[in-house]
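So the chains spell out like this:
2 protein chains.
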Amino acid sequence: MKGFKFSGIHAGIKKNNQKDLGLIYCDKPAVAAALFTRNKVIAAPVILCKEKIKSGLCQAVLVNSGNANCFTGQKGIEDAKICSKLTANTLGIAEELVFVSSTGVIGAPLPMDKFETGIPDVAAALNENRTDDFANAILTTDTHNKIVQKTAKIHGKEFSIMGIAKGSGMIRPDMATMLAYVVTDVDINAKELKTALLAANEKSFNRITIDGDTSTNDTLLALANAASQVKINDLESKKLFQSLLDQVCFELASMVVKDGEGATKLVKIIVKGASTKEDAFKTCETIAHSNLVKTAIYGEDPNWGRITAAAGRSGADVDPEKIDLFFDDQALVLKGLWQGGDAEKKTALIMKKDEIEITLDLNLGEETDFFLFCDFSENYVKINAEYRS
Amino acid sequence: MKGFKFSGIHAGIKKNNQKDLGLIYCDKPAVAAALFTRNKVIAAPVILCKEKIKSGLCQAVLVNSGNANCFTGQKGIEDAKICSKLTANTLGIAEELVFVSSTGVIGAPLPMDKFETGIPDVAAALNENRTDDFANAILTTDTHNKIVQKTAKIHGKEFSIMGIAKGSGMIRPDMATMLAYVVTDVDINAKELKTALLAANEKSFNRITIDGDTSTNDTLLALANAASQVKINDLESKKLFQSLLDQVCFELASMVVKDGEGATKLVKIIVKGASTKEDAFKTCETIAHSNLVKTAIYGEDPNWGRITAAAGRSGADVDPEKIDLFFDDQALVLKGLWQGGDAEKKTALIMKKDEIEITLDLNLGEETDFFLFCDFSENYVKINAEYRS
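Here the protein sequences come in this chain order: L and Y.
Using my numbering, the first residue of the first sequence is number 1, and each one after it goes up by one.
Using my numbering, the first residue of the second sequence is number 1, and each one after it goes up by one.
Honestly, the hints are just simulated from the structure, not real lab data.
Careful, some of the hints might be misleading.
[Stated by the list, open to error] With a cut-off of at most 25 Å between alpha-carbon atoms, the simulated DSS-like pairs for lysine-lysine come out as follows:
hint : chain 1 : residue 1 : chain 2 : residue 2
1    : L       : K75       : Y       : K335
2    : Y       : K15       : L       : K345
3    : L       : K50       : Y       : K335
[Said to hold, decoys possible] To be clear about the criterion: a stretch of chain L counts as covered by chain Y if any three or more of its residues have a C-beta under 8 Å from a C-beta of chain Y, and this derived list gives those stretches:
hint : region
4    : 65 to 74
5    : 214 to 221
6    : 325 to 339
7    : 371 to 380
All residues carry an ideal CB built from backbone N, CA and C; glycine is no exception.
The following block holds chain L by itself, in its conformation from the complex (with noise of 0.2 Å):
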């Protein structure tokens, strides 16, 4: 996209030559919003920047893997602070116009003289191409890079969306994922900027679950450079701006729990008439993280009865009477319910497809919510037993 270029190298933080330092750099300092995790255990990157986006302006991001600079204590901060600064000399701009951020292992120093060496290399790398290098060097245990570009006319003006992402574990954002970065050429204030942000946010990252567990260092970046010369300042174009956003962050988000530890599925639940919004959210959230529910898709079994006691406990009002369920379009439980044998088989078909939507009808009220998660395979326990060794 114009006006920003990229890069990501291997700098040596991590083992086997995969890239581990990423860098985004605007030619110009860019509008920037950002969500944080809730974390009340905040890595030394985010503690940084939470102060730094007050500001509203960003021109670069540092990115590692292979250590979250968490827990590190007045020495974690020390250290993004030099590779903050050491990433501001390199490029000639204004420190305060850096933002960093890790990933990887909790507990562990940043090995910093592996960033005295990489920063200038990352920088010589910047290229407008390098979208992929940059998605790669920010992997932890993803399998894959993630990069979603959406683009769209306002009043015959064209203007683009850019977002990428990394997770895989430690997955259950409260507030944003752990990393993902968007671009856009849109010129859009600060302020607006952040709305945009918090509402597609909520639509997609607040809505993602792996295995519960919310991360140290969960961060979304919105920076736009106005270089489209799109307005957003009215309501139509904040509208087609949002809905462009929505789209890009939702995508992202699939992408996360797709490759989610182990994953062999990508699941929605749908949870339809609740009493109230929270009703609504707690019983998807319940059955998102249910390591029965989880199990029982990963072993492509409808076993609805998990499904059901999940909701039972997750506190919201429920009628076991009065729930319906679907797999797909195929009903399994109507009015409590089974709907025998051959809705059972025909169930058994669509357990066996790589995305299933679960539909679970309270029938109690109007309100509506949903969650993606994942299934839970012995690859999650295999890969977060050996983690560390």
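With chain L held as given, fit chain Y onto it using these hints.
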């Protein structure tokens, strides 16, 4: 124990000749107290027993495994009533005095023909010494029987408490674990028995988790037949009875966690120095439910970053720079700082043990709490992906 008889047989509900029908019988009506699941999706036998317990009396308990009789509609309740009537007729006692429990697959109707032939058989097998048969007949994915018996003296007179439990998956009791029966020969009234049971439950079954899924059938039932002639009627006797009941319930709860589906380790998390009681509970509970913590423990990895990250998302007051973290007596983090490679090596040795105690001191206040949980292995996934097939 004097006055109580037990039996357990294979009635044909489960495959492979496994025992699946158990019976407890008291020579005369016993004083009874019970706690049931708080899940809003409740199994038919639980609905029935919630009514019956109001009398404070019980003389027989029929328990089947292999089928939970849950989400079976009005027919499920009728079936549970027929089971209780058949048992009453066979034993020649009043139907109101017969309690029924079920555990197993949710959503399938009870195979009533197996109960018609099985109930006379299980009644004929009743015997004072067949506690093992009963304990065996109520198991599902459990790998062994769970029986605890304790004896003490009050004013020179001996009394006993015996507890029998099952539970290995869908374990996050919210009032009581899946199925646990406590019989005692003390002379106590129903109100006092309930009070003592509530107190013991709060420190045992309400402090354990295997997979975070609260069962639809959780039942903890206590029966007292006064056969020892030991009256529980003054401060001293109440204190002694409570202490013995606490021990029985705690040991049973520990056995349930230790036999958790796929579990290889038993872990006690103790949270100290919390600002409020609620914070202490929330922090313990969040850590005990974290899949990342549980898989790290399975991998024998003292991954303290995951433990502190779970504390951070628990909702409790947490100041990362005040946290101390111990594995058994080994400090790994003090005032938020990792204690280095030597401490890590010593902790890694502790992680190889079958039973581990983790203490997290928040250093913010005086409140403390604990939770028992197990690790999370590939076998949990395997057991639950294949459960219905």
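Verification of the supplied hints:
1. K75(L) x K335(Y): holds (14 Å)
2. K15(Y) x K345(L): Holds - the C-alpha atoms of K345(L) and K15(Y) are around 22 Å apart, at most 25 Å.
3. K50(L) x K335(Y): Measuring from Cα to Cα gives roughly 23 Å; hence the hint holds.
4. 65 to 74: holds (count 4)
5. 214 to 221: holds (count 3)
6. 325 to 339: holds (count 4)
7. 371 to 380: Coverage by chain Y holds for the region 371 to 380 of chain L (4 residues, Cβ < 8 Å).
Violation of the numbered hints given earlier is absent; every hint is satisfied by the structure.
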